[in-house]
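*Asks:* Go by the hints and put chain B onto chain A.
Same order as they appear, the protein sequences are chains A and B. Under my numbering, the first sequence has 158 at position 158, and the numbering climbs by one with no breaks. Under my numbering, the second sequence has 274 at position 274, and the numbering climbs by one with no breaks.
Source of the hints: derived by calculation from the structure; they are not laboratory data. Keep in mind it's a predicted model, so treat the numbers as computed, not measured. A few of these clues could be false.
Repeated chains share a single entry, so a pair holds when one copy, or any two copies, can fit it.
As the list claims (entries may be wrong) - Okay, derived cross-link-like pairs now, DSS-like style, lysine-lysine, Cα gap no bigger than 30 Å in a straight line:
1. K84 to K26
2. K140 to K119
3. K90 to K26
4. K17 to K90
5. K17 to K119
6. K166 to K119
7. K85 to K26
8. K388 to K119
9. K84 to K140
10. K17 to K306
11. K119 to K135
12. K135 to K17
13. K193 to K324
14. K306 to K85
15. K85 to K140
16. K343 to K190
17. K388 to K166
18. K85 to K193
19. K140 to K17
Number of protein chains: 2
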Amino acid sequence: MTTNFSSKYSANAEGMKASEIRELLKLTSKPGMISLAGGLPDPAMFPVDVIRELAVDVINNHSASALQYGSTEGVPALREIIAKKFHDNKVGPEQIFMSTGSQEGLDILGKVFIDPGDKIVVSAPTYLGAITAFKAYRAKFVTIEADDYGMNIEILEERLRAIYAKGDVVKFVYTIPNFHNPNGSTMSLKRRKKIVKLAEEYDLLIVEDDPYAQLRYTGEQLPRLHDLIPERTIYMSTFSKIMAPAMRLGWNVVPEEIYSKMIICKQSIDLCSSPLNQYLALKYLEGGHLEPHIERIRKVYGNKRKVMLESIEEYFPMGSHWTKPEGGMFLWATLDHRINTRKMFPRALENNVAYVIGGAFYPNGGGENTMRLNFSFSAPEIVREGIKRLGNVIEQELELMATPMPEWAELNFP
Amino acid sequence: MTTNFSSKYSANAEGMKASEIRELLKLTSKPGMISLAGGLPDPAMFPVDVIRELAVDVINNHSASALQYGSTEGVPALREIIAKKFHDNKVGPEQIFMSTGSQEGLDILGKVFIDPGDKIVVSAPTYLGAITAFKAYRAKFVTIEADDYGMNIEILEERLRAIYAKGDVVKFVYTIPNFHNPNGSTMSLKRRKKIVKLAEEYDLLIVEDDPYAQLRYTGEQLPRLHDLIPERTIYMSTFSKIMAPAMRLGWNVVPEEIYSKMIICKQSIDLCSSPLNQYLALKYLEGGHLEPHIERIRKVYGNKRKVMLESIEEYFPMGSHWTKPEGGMFLWATLDHRINTRKMFPRALENNVAYVIGGAFYPNGGGENTMRLNFSFSAPEIVREGIKRLGNVIEQELELMATPMPEWAELNFP
Numbered sequence: 001m002t003t004n005f006s007s008k009y010s011a012n013a014e015g016m017k018a019s020e021i022r023e024l025l026k027l028t029s030k031p032g033m034i035s036l037a038g039g040l041p042d043p044a045m046f047p048v049d050v051i052r053e054l055a056v057d058v059i060n061n062h063s064a065s066a067l068q069y070g071s072t073e074g075v076p077a078l079r080e081i082i083a084k085k086f087h088d089n090k091v092g093p094e095q096i097f098m099s100t101g102s103q104e105g106l107d108i109l110g111k112v113f114i115d116p117g118d119k120i121v122v123s124a125p126t127y128l129g130a131i132t133a134f135k136a137y138r139a140k141f142v143t144i145e146a147d148d149y150g151m152n153i154e155i156l157e158e159r160l161r162a163i164y165a166k167g168d169v170v171k172f173v174y175t176i177p178n179f180h181n182p183n184g185s186t187m188s189l190k191r192r193k194k195i196v197k198l199a200e201e202y203d204l205l206i207v208e209d210d211p212y213a214q215l216r217y218t219g220e221q222l223p224r225l226h227d228l229i230p231e232r233t234i235y236m237s238t239f240s241k242i243m244a245p246a247m248r249l250g251w252n253v254v255p256e257e258i259y260s261k262m263i264i265c266k267q268s269i270d271l272c273s274s275p276l277n278q279y280l281a282l283k284y285l286e287g288g289h290l291e292p293h294i295e296r297i298r299k300v301y302g303n304k305r306k307v308m309l310e311s312i313e314e315y316f317p318m319g320s321h322w323t324k325p326e327g328g329m330f331l332w333a334t335l336d337h338r339i340n341t342r343k344m345f346p347r348a349l350e351n352n353v354a355y356v357i358g359g360a361f362y363p364n365g366g367g368e369n370t371m372r373l374n375f376s377f378s379a380p381e382i383v384r385e386g387i388k389r390l391g392n393v394i395e396q397e398l399e400l401m402a403t404p405m406p407e408w409a410e411l412n413f414p
Numbered sequence: 001m002t003t004n005f006s007s008k009y010s011a012n013a014e015g016m017k018a019s020e021i022r023e024l025l026k027l028t029s030k031p032g033m034i035s036l037a038g039g040l041p042d043p044a045m046f047p048v049d050v051i052r053e054l055a056v057d058v059i060n061n062h063s064a065s066a067l068q069y070g071s072t073e074g075v076p077a078l079r080e081i082i083a084k085k086f087h088d089n090k091v092g093p094e095q096i097f098m099s100t101g102s103q104e105g106l107d108i109l110g111k112v113f114i115d116p117g118d119k120i121v122v123s124a125p126t127y128l129g130a131i132t133a134f135k136a137y138r139a140k141f142v143t144i145e146a147d148d149y150g151m152n153i154e155i156l157e158e159r160l161r162a163i164y165a166k167g168d169v170v171k172f173v174y175t176i177p178n179f180h181n182p183n184g185s186t187m188s189l190k191r192r193k194k195i196v197k198l199a200e201e202y203d204l205l206i207v208e209d210d211p212y213a214q215l216r217y218t219g220e221q222l223p224r225l226h227d228l229i230p231e232r233t234i235y236m237s238t239f240s241k242i243m244a245p246a247m248r249l250g251w252n253v254v255p256e257e258i259y260s261k262m263i264i265c266k267q268s269i270d271l272c273s274s275p276l277n278q279y280l281a282l283k284y285l286e287g288g289h290l291e292p293h294i295e296r297i298r299k300v301y302g303n304k305r306k307v308m309l310e311s312i313e314e315y316f317p318m319g320s321h322w323t324k325p326e327g328g329m330f331l332w333a334t335l336d337h338r339i340n341t342r343k344m345f346p347r348a349l350e351n352n353v354a355y356v357i358g359g360a361f362y363p364n365g366g367g368e369n370t371m372r373l374n375f376s377f378s379a380p381e382i383v384r385e386g387i388k389r390l391g392n393v394i395e396q397e398l399e400l401m402a403t404p405m406p407e408w409a410e411l412n413f414p
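Here chain A stands alone, though its shape is the one from the complex (with noise of 0.2 Å):
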């Protein structure tokens, strides 16, 4: 008897869908082929040594602990030194669990609170690992128009006031404040002063996801969504971009109202994040080698930054717009509009440059003429010469848009 396991699929995972982003990264790897497409921090930057001296340390000294099962909510001590570090002892480790990457926090978010058809609000575009995480649990996505400031809050008004004067709810608001992936841009503190309030009149948990808070390479810090209203905010943030991405280390700091559930939700999905990973996260932090690294990384990815921006400047034909962030890792190109990033990408291929097509970033559609762009992986040449490349394939593509008259209107002429 053959097997016919795929008709026993949960309603749920007959939706999950192979990312199109993730099959065609896969064609990114061939040799002189420049990627401006991936999301990763530049390797050479990782703090190996200091890594491996705490790696010896942690084993020698921690062994017992460090190498067993752990809390579900994470090494304790941990917990503290992050609400001390990140949070100015405003919140107590009693609120702060850690997840096996940001990643698993999202999903943990989709699982506590969506079931299939709720609502919940993220802006177009919006994070790819975000999508993914609410589609499993077939979220209604609600997309908020971004543009270089964060998302459009005059629209989130209006999709709130409709969605709730039909008597339904939205779960939660899903934002990326600062240096947005993929958009690249930061949230106006007017804009955040306003989501607040919008938070309060219509009872919204907002969640405000800030892998790359301490990437900031120019312009003032604002206030988090979470300083401004930590009893409605769920603020996650991650040592992917600040240590290294295999530590698998996310934090979340929750409402104390719904901390336990989340706990328990946890419990079900990995019992507990790696204790290894996390005692080398806390001597990381406990060691102060977090501050000159940070200080490292925003000398190197600054430069970058700004490599990126002067080559787009120079390569980019007319009638391209980009962001120009302020920290992170990524810059968003909107480009002319009867551009179709997607159809464009295999002579991008052909030419030996990758982006990652701004459609994928868009839940409900849309986007179509955009693109995200890394510039944290590559070295500075590698970038100016990537954009080069890029600016190159963008001309063709116009040149073989602009449609040329047929023969016989040149005959018809006068």
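*Replies:* Then chain B, alone, in the frame of chain A:
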């Protein structure tokens, strides 16, 4: 305005309850307490020196990959060596994926296969983490009584016949054939073969959870269900018991038909399991560190098992029954039918000894006179003392229950 976020929980989250056991375990950390309740490996057995050396090697020589994000499937070289070392290359790496502990494998199973109300088959008792994982998707548990030789296959056949006669299906059959947690049993070869027949007959997907495979202290190794019927079996195992729990690394061998769906699902949960920990596991296997470590823990745990069996024989009152596990970490005791181990628990704590209440492992209730006892964690003399105390507690409980004759009855006796 006060918040009311709990009104926004998903229907799945509504059903997530804090584990009674985990709450009770918190009571067992007071000084002087002997806990036979936990499910932990003995930290004295962790291969600390080896892990330290491997950490230095991995960070020195593989930092660019080992500290970066990795593929969702897991590090290819690790999946290759797992295929070779644990599966004689009868499966290829393309059928194996790494999960964040076996627990994440269970969560993925639940997410991919279970819609609310769907039937899955488990033994009673069964692994608590599996109950939690599957309950989170509101599975309906079809519980099959387990004895000293695993799941009762006659009952299984009967139940399947009844379910399929009504046109209903079961999504999968979850089994722990070796050194069952909690009941310590090993499924007999006859029963294994019978499960294979039933799987063919009813188009069943079998989940073989095998975390203790390498921890056999006595008796002969039996073929895995996955050896007998690979095309219908998801095989799961873990580095928790053969290296260290903090690795948070399980591996899953999955039929081709459903592999990519499980990968897409894992991607939505945590993107990838820690590449750092995966490299540690890879070097552990490559370096030949597994074999001497297993030899060492077999000797030590085997002795603790022996001590527990001898002390139970000595201290437990008549009318008690217990399994004689051939491996693993747990032994299962069934007491006089009048004893309720949940009610007896406070008295055990007063006497400075703890166990896990057997009823916790029955998703649909039952097992009131049973308990799980762990022999891997504590030193042999502690195991012996713990069993002695527990024997006393049980004796006391029996004495209290032996209703004394009322005074007038004595008077009327000849």
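*Asks:* Indicate, hint by hint, whether the structure satisfies it.
*Replies:* Comparing the hints with the structure gives:
1. K84 to K26: between (41 Å within a copy, 26 Å between copies)
2. K140 to K119: Answer is both: 5 Å inside a copy and 28 Å across each meet the 30 Å cutoff.
3. K90 to K26: between (44 Å within a copy, 27 Å between copies)
4. K17 to K90: Only across copies: K17 and K90 sit 29 Å apart there, 41 Å inside one copy, limit 30 Å.
5. K17 to K119: Both. Shortest intra-copy (20 Å) and inter-copy (25 Å) distances satisfy the 30 Å Cα cut-off.
6. K166 to K119: within (13 Å within a copy, 37 Å between copies)
7. K85 to K26: Close across copies (29 Å), not inside one copy (38 Å); limit 30 Å.
8. K388 to K119: neither (41 Å within a copy, 58 Å between copies)
9. K84 to K140: Neither, since 37 Å and 44 Å both go past 30 Å.
10. K17 to K306: Neither: 36 Å inside a copy, 51 Å across copies.
11. K119 to K135: For K119 and K135, the Cα distance is within 30 Å both inside one copy (11 Å) and across copies (24 Å).
12. K135 to K17: both (10 Å within a copy, 25 Å between copies)
13. K193 to K324: within (22 Å within a copy, 65 Å between copies)
14. K306 to K85: within (29 Å within a copy, 50 Å between copies)
15. K85 to K140: Cα proximity of K85 and K140: none, with 36 Å in one copy and 45 Å across.
16. K343 to K190: The answer is neither: 37 Å in one copy and 59 Å across copies each exceed 30 Å.
17. K388 to K166: neither (50 Å within a copy, 66 Å between copies)
18. K85 to K193: Within one copy, since 24 Å is at most 30 Å while 58 Å is not.
19. K140 to K17: both (16 Å within a copy, 27 Å between copies)
Of the numbered hints listed earlier, those contradicted by the structure are 8, 9, 10, 15, 16 and 17.
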